[in-house]
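Asks: Sequence:
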Amino acid sequence: MAKLPLAVGAIVGLGATAVLVGWALDVRELQALYVSSVTIKSNTAAALLLAAVALIAASRAPQTSAASTGSSLWVRLPAFVVFLTGALTVAQYAGGFSLGIDEILFRVPEDAALTPFPGRMASISALALAALGAGLMLMDYQPRAGVRLSEIFLVGCGTLALAALLGYGYGAIPRVGLGQGLQIAIPTAIFLVLLVMGALSLGTQGGFMATFVGDDAGGVLARRLLPFAFGVPFILGALRAMSSLTTMSVAMQAAMPSVLAMLAFAGVIWRTAQVVSASDRERQAAERELKTLSGLLPICSYCKKVRNETNYWQQVDTYLTTHAGVELTHSICPDCSDKMIRELDAAPV
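According to my numbering, the sequence shown is numbered sequentially starting from 508.
Careful, some of the hints might be misleading.
[Stated by the list, open to error] Once the Cα atoms are required to be at most 25 Å apart in a straight line, the calculated DMTMM-like pairs of lysine to aspartate or glutamate come out as:
id : residue 1 : residue 2
1  : Lys510    : Glu610
2  : Lys812    : Asp852
3  : Lys812    : Asp824
4  : Lys812    : Glu834
5  : Lys846    : Asp824
Keep in mind that the hints were calculated from the coordinates and are not lab data.
Please model the complete structure; the sequences and the hints are all you need to start from.
Replies: Structure, rendered in structure tokens:
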């Protein structure tokens, strides 16, 4: 799991750096990473770059204890700046004023006539960055029981980003034009989701993430269902957008996503039931074998064969291989070795 935060940090870091280069060179396509006309604001790009640095530093820290993940200054300081950037922007939205931080890196003269706050990131971006920064700062805080506080903030950040992506997928958020508030840039939402995934993958020593990485049945089941839980809504959104371009009636356009959702989740339940049934059959077979091995086992006093449950006499090695999966190899004990040597010495030449 340590490779995921490093890969995420590298991807987000390169993307944020490219956006900052676009602002420095005044290349609008690079500012939006060639996705839409909604640009990634310079403050947002800087905060994403700092979050990537914090994530990479956290992934390279010793993972011997829960308190060692976020203890480094390279984690706490960038995470605090990310939190401060988001929190101050939220305060500006709430109070309707400007602290002068929106254009602290680059001026945005083309937006001056269109909005009273040029260069300001979307409010959903600010909320998500504040939650992300808080989650990264609190990764070293491990409560005695229950969910980690950092996981709550990180999940909140991911929820906001996923809601924005679904908003674009369902056409609730326009892809073009100037807008603030909910019009978060699509690459920003994707980067936030990636950062949340990378940060959550570090918290496998406790909290709810320990369930997803476990080798037990719960972990396997969670990993199988998680892609469907996140993939099905996006697929349905895309199908709904495609159906709106056809000649289908409004009623059919509204009904088709519901029907497809039913079919998708029915398929997931069926596949999950298959996996659980197979695991249960394996468990029952193992319990039967264990019960057989733990009971009385008749053995011949002369040839040392054992009698199985079908009243058939087998060699011990064959019985163990069949019932316990034990592969035996030939050797000789010290007593038999001494006896064989004495017999060889006493034999006539």
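Asks: Against the earlier hints, flag every one the structure doesn't satisfy and list their numbers going up.
Replies: 1 and 2
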